[in-house]
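*Asks:* Here the structure of chain A is known, so what remains is to put chain B in place on it, guided by the hints.
There are 2 protein chains.
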Amino acid sequence: MKISSWRPLDRGLRPLLWVRGDLCLPKFERHVFVCHNARPADAPRPSCTSDGRSELHTQLQQLAKAAGLGARVRINKSGCLDQCEHGPMVVVYPEAVWYGNVRPEDAAEIVAEHLAAGRPVERLRVADECLNTNSCPHRG
Amino acid sequence: MKISSWRPLDRGLRPLLWVRGDLCLPKFERHVFVCHNARPADAPRPSCTSDGRSELHTQLQQLAKAAGLGARVRINKSGCLDQCEHGPMVVVYPEAVWYGNVRPEDAAEIVAEHLAAGRPVERLRVADECLNTNSCPHRG
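Chains as they are written, first to last, in my numbering: chain A, 89 to 228; chain B, 89 to 228.
Looking at chain A on its own, in the form it has when it is part of the complex:
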């Protein structure tokens, strides 16, 4: 691998992520997807919201803007992220950091620690063995 052909996306306190310049062009520094999925009450899998509205999303948006991150970070609504047993779910790209059981009161820590300072909030991360697998022990 020729190091000279790689460039840093992110410096300082934020996670180091090197990409090949010709293939990878993240235009937001971070892109946060907040699940808004709402299933019927009797559905076999749980929902991240009860009615398609998310106070968590609102808090993340407002706090990111207040922290001066409005142009660098996008807080996005998403449909089902398929980690329903661990919801409410949030995933942050390009790092692909998955947060579970996230409450509106967690928004300030995610914004200050992860989005502003580049330190993922470990206490909210979903365990690796639970992600994207039918064998997750929390899945019925």
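Think of the hints as simulated: they come from the structure by calculation, not from any bench.
Note that beta-carbon positions come from the ideal geometry of N, C-alpha and C, so glycine has one too.
Certain hints may be false.
Claimed, not checked - Quick list of simulated restraints, FRET-style, between CB atoms:
hint	chain 1	residue 1	chain 2	residue 2	range
1	A	K153	B	E197	17 to 27 angstroms
2	A	E143	B	A126	19 to 29 angstroms
3	A	R213	B	E201	26 to 36 angstroms
4	A	G228	B	D130	44 to 54 angstroms
5	A	N222	B	D130	25 to 35 angstroms
6	A	A196	B	E193	20 to 30 angstroms
To be verified - Non-contacting residues of chain A with respect to chain B, defined by C-beta distances greater than 10 angstroms in every case (computed):
hint	residue
7	A129
8	P132
9	D139
10	K153
11	K165
12	D194
13	E197
14	A200
15	A205
16	P225
17	R227
*Replies:* Showing chain B alone in chain A's frame:
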């Protein structure tokens, strides 16, 4: 930088992306977000769908599954990705490749070229200078 502390996420024909193992744990090989936003007909910015339904999304899902990518790639609904003048919009992470003006008939090429073979579809990419900026010449 100590190369020994980095690991490859993706090999072969796919884009090379190296991450620090303790911070970056992408659990889907690729995560595709398809904008489903629908504004009123008289809104100042255009919409990626007319009614919140997306045949493009359906095609990407079906073709990715048919290509054997069901467990490695997630095709996700998203809310507004804020590149409305270039819609219908799609963004693919972790590479952060942005596609614009994407039609259902483009789905097969995105699946075969990008999602399966790791070669972004250049003809569909939105120009860098148009992304995430109010100074995009296409923005009214």
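*Asks:* Does each hint hold? Answer for all of them.
*Replies:* Against the structure, the hints come out as follows:
Remark: the range hint 17 to 27 angstroms for A:K153 to B:E197 is contradicted by a beta-carbon distance near 37 angstroms. Taking 19 to 29 angstroms as the suggested C-beta distance range, the pair A:E143 and B:A126 conforms, at roughly 23 angstroms. A C-beta distance of roughly 33 angstroms is found between A:R213 and B:E201, which places it inside the suggested range of 26 to 36 angstroms. For the hinted restraint 44 to 54 angstroms between A:G228 and B:D130, the CB-CB distance of approximately 46 angstroms keeps it satisfied.
At about 45 angstroms, the beta-carbon gap between A:N222 and B:D130 misses the expected band of 25 to 35 angstroms. Taken as a hint, the range 20 to 30 angstroms is violated for the pair A:A196 and B:E193, whose Cβ atoms sit roughly 45 angstroms apart. Distance to chain B confirms A:A129 as a non-interface residue, since its nearest Cβ pair spans about 21 angstroms, more than 10 angstroms. Consistency note on A:P132: stated as away from chain B, and its beta-carbon is indeed over 10 angstroms from all of that chain's, at 19 angstroms minimum.
Non-interface call for A:D139 relative to chain B: holds, since the shortest CB-CB distance, roughly 15 angstroms, exceeds 10 angstroms. The claim that A:K153 is not at the interface with chain B holds, since no C-beta of that chain comes within 10 angstroms of its own (minimum 13 angstroms). Listed as outside the interface, A:K165 is inconsistent with that label: its C-beta sits roughly 3 angstroms from the nearest C-beta of chain B, within the 10 angstroms cut-off. For A:D194, the non-interface assignment is confirmed: its Cβ lies about 19 angstroms from the closest Cβ of chain B, beyond the 10 angstroms cut-off.
Every C-beta of chain B lies more than 10 angstroms from that of A:E197, the closest at about 17 angstroms, which supports listing it as non-interface. Every CB of chain B lies more than 10 angstroms from the CB of A:A200, the least distance being 17 angstroms, so the non-interface label holds. Residue-level check passed: A:A205 sits 13 angstroms from the nearest beta carbon of chain B, beyond 10 angstroms. Listed as a non-interface residue, A:P225 keeps its Cβ farther than 10 angstroms from every Cβ of chain B; the least gap is roughly 16 angstroms.
The claim that A:R227 lies off the interface holds: its Cβ sits roughly 14 angstroms from the closest Cβ of chain B, which is beyond the 10 angstroms cut-off.
Checked against the numbered hints given earlier, the structure breaks hints 1, 5, 6 and 11 and satisfies all the rest.
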